[in-house]
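K.L.:
Chain by chain, the residues:
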Amino acid sequence: MSEFEPKIVAFFCNWCTFTAADLAGTSRLSYPPNLKIIRVMCSGMVDPKYVIKAFLNGADGVLIGGCWPGDCHYINGNLKARRRVALLTEVLKQYGIGEERFWLRWIAASEGTMLREVAVQMTAKLKELGPSPLKNMGQMAI
Amino acid sequence: MAEYAKLSFQKGGLNKELAAFFRGLLENGAVDGVLVPMAQNHKWVRLTLVTSASHTAGVDPFAPVAAVSGAKIASSLTSRPSGRTIAMVLRPCEIRAVVELAKLKQVNLDDVLLIGMDCLGRYENTDFVKFQEQGGTSEAFLENALAGKTSGPDFDIVGACKICEFPTAANADLSLCAIGGGNGAVFIEALTEKGGQTLEKSGMKPSEAPAGRNEAVKKLAAARLEARDKKFAEFRAEVNSFEALADKLAGCVNCYNCRVACPVCYCKECVFITDTFRHTGEQFMMWAEQSGMLKMPTDTMFYHLTRLTHMSLFCVGCGQCTSACPNGLDLMPLFRTCAEKTQARFDYQAGRSLEEEQPMAGFATDELIEVTGQVK
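Same order as they appear, the protein sequences are chains A and B.
Residues in the first sequence are numbered from 1 upward in steps of one, following the working numbering.
Residues in the second sequence are numbered from 1 upward in steps of one, following the working numbering.
Next comes chain A alone, as it looks inside the complex (with noise of 0.2 Å):
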């Protein structure tokens, strides 16, 4: 049986993880293909509804990447992210998605190397849990 390759569905934000991204890209590092970048103008735009929905669609992990604080582009759309963030965590925490599986991260443009950094834990850390609980409920979970 070939090894369990996470799905890890990535909301970047278009200023500083996207663009560390395009960075790490660029430098020619390379990551785990796992990550599905989806890029949004800011980490404090990604609805608890996206996070929702790529749980129920089967993802087995989200990762949300943003600016560090003090460096949002929009002044403080992180940290309005990182709210949504824990409050969004203690509902999926009861139902069996922890933190280990809905990550925040901030990194900033120039940290290629960063997230090249957490591509690499986060999909390491997700083959240790194996699947997403919610995998094996198909179309239940829609």
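Calculated from the structure, these hints are not laboratory results.
Treat the hints loosely; a few may be bogus.
[What the hints assert, rightly or not] Only some residues are given here: those of chain A computed to face chain B with a beta carbon under 10 Å:
no., residue
1, Pro69
2, Leu79
3, Arg83
4, Arg84
5, Val91
6, Pro133
Predicted, not measured: the structure shown is a model, and the values here were computed from it.
Ideal Cβ placement from N, Cα and C applies to all residues, glycine included.
Based on these hints, arrange chain B on the given structure of chain A.
P.N.:
Just chain B, lined up with the frame of chain A:
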């Protein structure tokens, strides 16, 4: 500030004395209107907006029913205010919801005199009809409930009330106190300066505090807290996975009554009834093809998880969601157990204070470091 006035009544005369009090408020101009539970012509007790002193005869504030949450009525009356003063007689859970709605600018408390009450619980609407048909009165209900018996022949107060640790009203100006008042008396307690002035204006004589009240309230709250923790533990043991949650919600038909009944589901237009969720036929076919079949209507789990995320921070545990479900799903423990966790995360308690900022209304640079675990 704890001023009391004693309202003594003969057997069968509680509502008459309360009516006299409300009549007084209207007659002496303390308020322009009173929103109060009142017996309707044939059946039911409903919140009723009374503006004429001669129409107060049917008041029944302690009737064990809340057909809809009074917080929603308070919102209808004040979100575009009349500029006139209204006394609102509401249950403790309704007042807690009013506090949350006030922070969301969906209730305006400027010209409102909040009158709370001791709450011993409510019946489901259909059970209340039975209760009335069997000759039940609020006075008898109070007497029995204070002695620990809330059940009728084949019904009892709703599950939410059995595990509600807030039998008395906070954040009100006045409160109608039935607990610890002894037989044949309820007390009106002034909780704020505004309440005290109104009480004075009403011409009622100040009295001693009801002797056994503090003890009795503490005892009742403790018993309910114990029942709450037991219920929470049972529910958490049962619903500890998404599969168990799906089982729990299997009877849901996406009617969204729970959000309509919920006093703190604050969106003016719920996203689940917008075009966002009017999927195309092709979309449904794609989903079905993923597993070969698709339960309709879809988005059931999505809806409830979204609602948990939206309003669990403000959940006051009133149980209107359970009451509203046409398929008998007991949603209350789902929302209350989740609310306990989400509110604790932000050290917040729905309805505790008008001054506390709602968690999603603010942010700070140096907080929640553990979410990312990163320090620069």
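K.L.:
Each hint: holds or not?
P.N.:
Hint check results:
no., hint, verdict
1, Pro69, "holds, 5 Å"
2, Leu79, "holds, 4 Å"
3, Arg83, "holds, 6 Å"
4, Arg84, "holds, 7 Å"
5, Val91, "holds, 5 Å"
6, Pro133, "holds, 6 Å"
The structure shown violates none of the earlier numbered hints.
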